[in-house]
Amino acid sequence: MSNIRVQNNNNNNNNKVSLENIDSFLLSQHIRYEEQQQIDLDVLYLTLHIGTHNINGLAGDNTKLYRILNWVQENQVDIMALNETNLDHRNGFFKMPDSFKEQFHIYWSSKQHDKNKGSGVALICSRKWNKHYQGHKIHSPYLLSVYLLFRNVMFCI
1 MSNIRVQNNN NNNNNKVSLE NIDSFLLSQH IRYEEQQQID LDVLYLTLHI GTHNINGLAG
61 DNTKLYRILN WVQENQVDIM ALNETNLDHR NGFFKMPDSF KEQFHIYWSS KQHDKNKGSG
121 VALICSRKWN KHYQGHKIHS PYLLSVYLLF RNVMFCI
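Quick note on the UniProt record's numbering: the sequence shown kicks off at 1 and runs consecutively.
Note that these hints are calculated values from the structure, not bench results. Just to be clear, a hint being listed does not mean it is correct.
Distance windows between CB atoms, simulated [stated by the list, open to error]:
1) Leu19 x His53: 15 to 23 Å
2) Leu149 x Phe25: 38 to 46 Å
3) Cys156 x Thr63: 44 to 52 Å
4) His113 x Val153: 33 to 41 Å
Below, computed lysine to aspartate or glutamate pairings styled on EDC-like, alpha-carbon distance capped at 20 Å [claimed, not checked]:
5) Lys117 x Asp98
6) Lys131 x Asp78
7) Lys64 x Asp98
8) Lys64 x Glu102
9) Lys128 x Glu84
10) Lys115 x Glu84
11) Lys115 x Asp88
12) Lys101 x Asp78
A virtual CB, placed ideally from N, CA and C, is assigned to each residue, including glycine.
Using the sequences and the hints, build the whole thing.
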């Protein structure tokens with residue numbers, strides 16, 4: 001009889017180990033599934049958050065662009081238009097804070113050189129949407145077009 005009990009204890013231990021292995025495997029698969037679901041939802045582009053702001057000049061205040069980028073990040077805005085930047089592409093490039101260069105790209109129009117205020121526009125694109133960038137065109141100091149390509153469909157913003 002004692003041999004049978006020992007054998008039953010070994011079977012119980014083997015069953016416990018097997019159940020623990022199965023539970024561990026199922027848990028790891030569940031975690032992988034949840035991570036994959038999150039990635040898939042992010043890739044679907046189901047929502048687009050767009051904003052616009054009259055920034056009323058960026059040249060004189062070095063914190064304005066930082067504050068607007070911080071707000072865009074906190075509110076998860078995908079594309080943000082700025083008008084009256086009073087900056088051209090060259091000056092705008094150097095205004096971009098280093099802490100946001102990985103998350104956003106900014107497209108700048110030209111600036112009307114004979115005006116001190118009221119010209120220049122910019123478009124801030126999040127990294128997610130900027131992956132589809134195909135080009136941009138500066139029509140004037142007041143109009144900028146950015147082209148994004150999705151599955152052979154071109155969007156102009």
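* Asked: Do the beta carbons of leucine 19 and histidine 53 sit within 15 to 23 Å of each other?
  -> The hint (15 to 23 Å, Cβ to Cβ) is violated, given that leucine 19 and histidine 53 are roughly 58 Å apart.
* Are the Cα atoms of lysine 117 and aspartate 98 separated by 20 Å or less? -> violated, 26 Å
* Compare the distance between the alpha carbons of lysine 64 and glutamate 102 with 20 Å, and conclude whether the hinted pair is satisfied. => Cα-Cα ~19 Å, so holds.
* Decide if the proposed pair is consistent with the structure: lysine 64 and aspartate 98, CA atoms, cutoff 20 Å inclusive. => This hinted pair holds, its Cα atoms lying about 14 Å apart.
* Do the alpha carbons of lysine 115 and glutamate 84 lie within 20 Å of each other, as the hint requires? -> Measuring from Cα to Cα gives roughly 11 Å; hence the hint holds.
* Is the hinted pair lysine 131 and aspartate 78 satisfied, with a Cα-Cα distance of at most 20 Å? -> The given pair, whose Cα atoms are some 12 Å apart, holds under the 20 Å limit.
* To do: Take a quick look at whether lysine 101 and aspartate 78 sit within 20 Å of each other, Cα to Cα.
  => OK: lysine 101 and aspartate 78 at ~15 Å, within 20 Å.
* Given pair status - glutamate 84, lysine 128, alpha carbons within 20 Å -> Not satisfied, since the Cα-Cα distance of roughly 26 Å exceeds 20 Å.
* Mind checking the hinted window 33 to 41 Å against the Cβ distance between histidine 113 and valine 153? => Because 37 Å falls inside the window, the suggested range holds.
* Could you check the hint for me, namely that leucine 149 and phenylalanine 25 are 38 to 46 Å apart, CB to CB? => With a Cβ separation near 42 Å, leucine 149 and phenylalanine 25 satisfy 38 to 46 Å, so the hint holds.
* Asked: Holds or violated: lysine 115 with aspartate 88, Cα cutoff 20 Å?
  -> holds, 12 Å
* Please test the hint of 44 to 52 Å on the beta carbon pair from cysteine 156 and threonine 63. => The hinted range 44 to 52 Å is violated for cysteine 156 and threonine 63, with Cβ atoms some 32 Å apart.
Checked against the numbered hints given earlier, this structure breaks hints 1, 3, 5, 9; the rest are met.
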